[in-house]
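Engineer: Residue numbers (the numbering used here), protein chains in the order written: chain A, 3 to 113; chain B, 415 to 527.
Incorrect hints may have been included.
Stated by the list, open to error - Label pairs and their in silico Cβ distance ranges:
| # | chain 1 | residue 1 | chain 2 | residue 2 | range |
| --- | --- | --- | --- | --- | --- |
| 1 | A | Glu57 | B | Arg481 | 21 to 29 Å |
| 2 | B | Glu467 | A | Gln27 | 28 to 36 Å |
| 3 | A | His40 | B | Leu497 | 20 to 28 Å |
These are calculated hints, taken from the structure and not from any lab test. Treat the numbers as computed from the prediction; the structure is a model and nothing was measured. Note that CB positions come from ideal geometry on N, CA and C, so glycine has one too.
The residues making up each chain are set out below.
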Amino acid sequence: GQNIDQPTEMTATEGAIVQINCTYQTSGFNGLFWYQQHAGEAPTFLSYNVLDGLEEKGRFSSFLSRSKGYSYLLLKELQMKDSASYLCALQDRDSNYQLIWGAGTKLIIKP
Amino acid sequence: DAGVTQSPTHLIKTRGQHVTLRCSPISGHKSVSWYQQVLGQGPQFIFQYYEKEERGRGNFPDRFSARQFPNYSSELNVNALLLGDSALYLCASSLAGSDETQYFGPGTRLLVL
Chain A
3 GQNIDQPTEM
13 TATEGAIVQI
23 NCTYQTSGFN
33 GLFWYQQHAG
43 EAPTFLSYNV
53 LDGLEEKGRF
63 SSFLSRSKGY
73 SYLLLKELQM
83 KDSASYLCAL
93 QDRDSNYQLI
103 WGAGTKLIIK
113 P
Chain B
415 DAGVTQSPTH
425 LIKTRGQHVT
435 LRCSPISGHK
445 SVSWYQQVLG
455 QGPQFIFQYY
465 EKEERGRGNF
475 PDRFSARQFP
485 NYSSELNVNA
495 LLLGDSALYL
505 CASSLAGSDE
515 TQYFGPGTRL
525 LVL
């Protein structure tokens, strides 16, 4: 089975950098996704990691270490609009790649 | 290009009623997945359909059913509604439903009274 853990809430300052961690215990997965979700809205795709290492996409980067069961999302030059929940999700290889989700980390940006 | 669309956006029902939620995938996408998201939690997988066939089913009771049409749009049906069915129901589409990225619609917010 899968178990995914994320911090419930984090606070950061506008212009700063924040790292949101995601740890998991799983029997096997294809890749790991990060999604952003503003309150009352649908999740929007941010990044996808299959191989270990860092994937950079503008202000957002995501890192995966399969041996450590660990991923993080790094947000740079924080803006007020980055206030949202950030969810990590694993593609379960044993069930046709369905997504197994963490509960999400609510990120609060302060001026 | 239009993204994933869902209807209705909001719905209020009473216990015991039935509801049908609809989803149209991104043009060219052949797979649709349905998720239930309760406030403060991550989405929970309900169903995945590809080429009108059910490809996966989550841990939901038989009151939940779905189907996919020849144009790849999909319906989620929930019978005998319970208070606990109140949630945001999300539809996601992908090209072929295997290891591609899933793109989400705006969701249908269901309130059961």
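Engineer: It remains to establish, for every hint, whether it holds in the given structure.
Structural biologist: Tested hints:
no.: 1; hint: A/Glu57 with B/Arg481: 21 to 29 Å; verdict: 36 Å, violated
no.: 2; hint: B/Glu467 with A/Gln27: 28 to 36 Å; verdict: 31 Å, holds
no.: 3; hint: A/His40 with B/Leu497: 20 to 28 Å; verdict: 26 Å, holds
Taken one by one, the earlier hints fail for this structure only at number 1.
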